[in-house]
Structures are given as C-alpha cells and as structure tokens.
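Protein sequence lines, in the order shown, are assigned to chains X and B. Heads up: the first sequence at position 174 corresponds to 174 in our numbering, and the numbers run straight through without jumps. Offset between the second sequence (1-based) and our numbering: plus 1000.
Treat the hints as calculated values from the structure; they're not laboratory data. Remember, predicted model here, so these are calculated numbers, not experimental data. You may find that some hints are simply not true.
With a straight-line cut-off of 30 Å between C-alpha atoms, the simulated BS3-like cross-links for lysine-lysine are [to be verified]:
| id | chain 1 | residue 1 | chain 2 | residue 2 |
| --- | --- | --- | --- | --- |
| 1 | B | 1185 | B | 1206 |
| 2 | B | 1139 | X | 162 |
| 3 | B | 1045 | X | 178 |
| 4 | B | 1022 | X | 14 |
| 5 | X | 20 | B | 1206 |
| 6 | B | 1104 | X | 231 |
| 7 | X | 99 | B | 1185 |
| 8 | X | 3 | X | 14 |
| 9 | B | 1020 | X | 20 |
| 10 | B | 1003 | B | 1052 |
| 11 | X | 99 | B | 1206 |
| 12 | B | 1231 | X | 99 |
| 13 | X | 52 | B | 1045 |
| 14 | B | 1022 | X | 67 |
| 15 | B | 1099 | X | 162 |
In silico negatives: residues of chain B with every beta carbon more than 10 Å from chain X [stated by the list, open to error]:
| id | residue |
| --- | --- |
| 16 | 1007 |
| 17 | 1020 |
| 18 | 1038 |
| 19 | 1057 |
| 20 | 1060 |
| 21 | 1066 |
| 22 | 1067 |
| 23 | 1099 |
| 24 | 1104 |
| 25 | 1111 |
| 26 | 1162 |
| 27 | 1235 |
Backbone N, C-alpha and C define an ideal beta-carbon position, used for all residues, glycine too.
Number of protein chains: 2
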Amino acid sequence: MMKEKNILLELREKNIVLSKNKIRESITEDNYIMQAINNIEELAKITNSLSKRLRDWYAIYLPEFSKKVSDNESFVKLVAKKNKQELMNEMQLTTSMGKDLEEKDLEPILSLAKSTSTMFELREQITTYLESVMENYCKNILTIAGAIIAAKLLEEAGSLRKLAMIPSSTMQLLGAEKALFRHLKSGSKPPKHGYIIMHPLVSKAKKSDRGKVARVLADKLSIAARADFFKGEFIGDKLKRELEAKFI
Amino acid sequence: MMKEKNILLELREKNIVLSKNKIRESITEDNYIMQAINNIEELAKITNSLSKRLRDWYAIYLPEFSKKVSDNESFVKLVAKKNKQELMNEMQLTTSMGKDLEEKDLEPILSLAKSTSTMFELREQITTYLESVMENYCKNILTIAGAIIAAKLLEEAGSLRKLAMIPSSTMQLLGAEKALFRHLKSGSKPPKHGYIIMHPLVSKAKKSDRGKVARVLADKLSIAARADFFKGEFIGDKLKRELEAKFI
C-alpha cells in the first residue's frame, strides 16, 4: 500500500516535470515577435501622448517652439538637449511670450522631455530587435512587407504556421475583420485590404488600383509565408522584384 | 506722411510687446498645478499599461514571478534589478516553466523594465513638485485634501480663484458632472460626491454615511480655498482636526 502510494507520487512528479518541459518548449520565435510588435505599438501611443503633454507644458516656457517643430521625436529631443536661449537663437527670436521659469519649475519639464526621449529610443531598440528575430525566422515575409506589417500579420494569424496556412484572400484582409463583418451584416462595401494598406505599394497606389495591388501583394506574401514556414530557400528578393516590376 | 507711418509702426511694435508681457504675466501657479496633475494622471495610465506588457513578456522567461508580486511598481523594479536565478531563489523555486532566453532575446525585456521604472520615478518626481508648488500657493486645501485631490479640484474649477468662488455644494460634486447630468436628464440618483470620493475620510466611511461626510468635507474645503485665495492665515490644520474629530 505504502509502496503503491510512493509510485503514484513519483509518477505525478514526473508528469509535472514533463508538462513544464512542454510549456517551455512551446515558446518559439512567434512569441518573441508578438511581444515585440505589441510593445512597439504601445510605445507609439505612449510617445505620442507624452509628446503632446510636453508640448503643452513647455508652452509655458517657450510657446513659439512647438509650432516650429512638428515632428514629435525631434521636438522632444531638442527640448531635452538645448536650453531656451539656444532654441530662441535658432528661431532668430529676440523675445518670447513664455515665462522665465525658476530652476525648480523647469526641472520637471526637462525630466519629462528626457524620459519621453528614452521611450522613443526604447521603441527603436525593440524595432531593431524585431527585425533581427524575423531575419532568422521569416526573412521572406520580412523582405516583402517590412518588419511592422509582417509582424502585425503574424500576430493576427497567431503564428507563422497559421499564417502559412491561410489562403491569400484572407491574408489580404487580415486586420480588416471589423469592416468585413460590417459588410456581411449590413451590406456595406467589402474591405479591400487589412494591415497591408500600410505597405507603400498599396498606400501610394491610386485609390481605384488599391484593391488590385493589395490582391497581388497578398499573393506574394502567401507564397513568402509558406517558404518561411517550410524553411524553403530565400525567395523574398525575387518576389519583391516581381511586385515592383508590376507596380512601380 | 512718412513720419505718421513710422509712428504707427512704432505703436504697433509697442502694442505687441505689451501683449506679449500680458501673456507672460498671465501664467501663474494655477498653470503649474494643472500641468503637473495632468502629467501625473497620464503617467499613472502609462506605467499601468507598460507594467502589464512587461508582465506578459517576462512570463516567457519566468512565468512564476508575475503572480508572486502583484504590485506593479515592485514587480517592474525587481525585474530590472535582479536576475532570474536571484528571483527563483527568493521564491524558493528550483525549476521554472520559463524558457532560458539568450542574451539578445532578454535584452529588450530588461530595457522595457528599466524604462518603465524610470516612468514610475518621473511620476514620483512630478508629484513631489506638485506638493511643493501647492505648499506655497494653497497650503490650506493641500493640508485637508492632499496634493492629488486638491489639484484635481483646482484643475476642474479652472483656477484657485474660481475654486474659491464656487459654493461648497459645487465643490462636493466637482468631477461628478457626468453623473449629475445623467441625474438631471433621466432621473437617476443624484451623485453624492465628485473627486472627493478619493479622500480617505469619504472612501472609508460606511456607504450610508458617505454623502454626509462628503458634504462636511466640501464645506471645509470651501473655507480652505477662500483662505488660500485671499491669502488669509493658515487654517488647514485646524479644519483638518475638526474634520477628524467629527468622523474618526
């Protein structure tokens, strides 16, 4: 009786170890890619709202500068790096409507600028990381779609395996689920493209051509995803050239 | 003719200078307080969503740790400071379900932890700054309500002057505008408190007592705001003692 119980306990232990191993092994590049793209998108939102806050706050000190620099990242980095006099010289301004703040009132503004700048850098670091993961894992779709679009597609599909299995018509509409269901439910126009609208070939095409470009791009991406998943040869370059020959 | 034109131009110049001075002088502590409180609230949201992202990403590496530490700030700082082995020792864990990541896959996760930690510190720094501004500008309401609630009230009113002018019944409902209009429009129950629900005396009161506590607190805050605006003597301590004598 005692012995049986011991054997059972031992079995249980072994099972737990096996399960833990399974869980550990189930983590693949798919997970890295999905974590990275989610964080990149979160950081895009965060840098955007922090930049707006900084523009607002800094306007107490030097309101003329916000209009001068419309790009958020440049604005934040300049505020963090240069002082009021330097910025005024650059704008060829002799007086400002802004208040001359005391050190203690300026300090939190500059801290905000520096921290926001760190967030921009973090976003860049994670984007570089994402590219390096995809370079080894799915170079074909990376080459054709770029890191952000390729990662969004993979994330929406759930894994590279799943992305390789979907038909190219689904690939074309990944990310447009809302519009698709609206179409099915209420008969509005069907969507022509999902995430691939962000691709320059699609977004720069004439509006009437976009559906066609999106379809061909989705075709190539489908082929690319399969080549990536089945570890075929590198054909991204060739597919990309074909695309560009057709539409540029 | 020429001379008249010159005089007009000169007048115009002088007018612009005067207007700029007016704008410059219109910036007061009210603005500092509103900027600070807006940023504190933004950073609360940001640290929250970044912490969630970090928990998610870190779970690839050491999933057991997220459950162990429920406070976001502690979680983020521990991940940034200690390595996997140290954390496992602290949890008395010999094996983990997490994958052993290579340096390059771990790096972006730790960068996220460090940057998130910076955001927590920034929030603290701005909170300290907010307190120091209020200490000199409106010490009475600061003493009774604490920096966050007092700043929210001031921000909602628009300035210390306006906050000093509103009746205490409005003070009681500042921040509950939505519920108030819902009440007026559809006859739902009227709200009993706005931002002051965050005050420990109100939030810790029995639900049936909250309306009453909120009313008395709003009364004292009204008196305090007027003393602050009209630069009367410091009565915050006395008002606070009266409140506490009544409800603790």
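Exercise for the section: Check each numbered hint against the structure and report the violated ones by number, ascending. Expected result: 2, 4, 5, 7, 9, 10, 11, 17, 18, 19, 20, 23, 24, 25
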